[in-house]
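Residue 66 in numbering that gives the first Met the number 0 sits at position 67 of the sequence shown, with consecutive numbering throughout.
The hints are simulated quantities; they were obtained by calculation from the structure and are not laboratory data. Be aware that one or more of the hints could be misleading.
To be verified - Keeping only pairs whose Cα atoms sit at most 25 angstroms apart, straight-line, the calculated SDA-like set for lysine to any residue is: (1) Lys35 - Ser8; (2) Lys36 - Ala82; (3) Lys79 - Leu45; (4) Lys35 - Ala94; (5) Lys79 - Gln9; (6) Lys35 - Leu69; (7) Lys35 - Gln9; (8) Lys36 - Glu85; (9) Lys35 - Asp78; (10) Lys36 - Ser25; (11) Lys36 - His22; (12) Lys36 - Asp89; (13) Lys35 - Phe95; (14) Lys79 - Ala103; (15) Lys35 - Asp19; (16) Lys36 - Asn87; (17) Lys35 - Asp99; (18) Lys35 - Gln88; (19) Lys79 - Ala94.
The structure presented is a predicted model; accordingly, all values stated were derived computationally and were not measured.
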Amino acid sequence: MTEPSVRRSQRLTIMLRSSDHAHHHSLATDLLTRAKKSHLAGATLLQAVEGQGRSGVVHHQHLFREDMALSLVIVDDEDKITAFVEHNQDVLGHAFVIVDDVTAFRA
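Throw the hints in and build the complete structure from the sequences for me.
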C-alpha cells in the first residue's frame with residue numbers, strides 16, 4: 000500500500016445561480032471550461048437542495064425550478080487559485096466567492 004500524498008492547498012467555492020450567464024452562456028459551464036483551460040486539478044459543480052442567503056429566507060429547491068442554487072468547488076495550489084480568481088474577475092464580479100486553506104490527501 001502506498002503512502003497517501005498530503006499537500007497544503009486552497010479551496011475556491013463560487014456560489015452561483017443556474018440563471019447566471021456570461022457572454023450568452025451558462026456562467027457555471029463557462030467557469031468549468033475556464034478551470035479546465037487553466038489546468039486546475041479539478042472542479043465540481045454542486046446543486047443545492049436547501050439554503051439560506053443574505054435575505055435570511057430559507058430557500059427550498061423544487062424539482063423543476065429554473066433558477067437553482069449552484070456551488071462550483073475547485074481545489075488546487077494557492078498560486079493557481081489566486082491566478083484563476085484574478086484572471087476571471089470579468090465574470091466573478093457579482094458572484095459570492097470563498098477561498099479557504101485546506102489540506103488535500105490523495106491515496
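Of the numbered hints stated previously, which ones are contradicted by the structure, given in increasing order?
When the structure is compared with the hints, none of them turns out to be violated.
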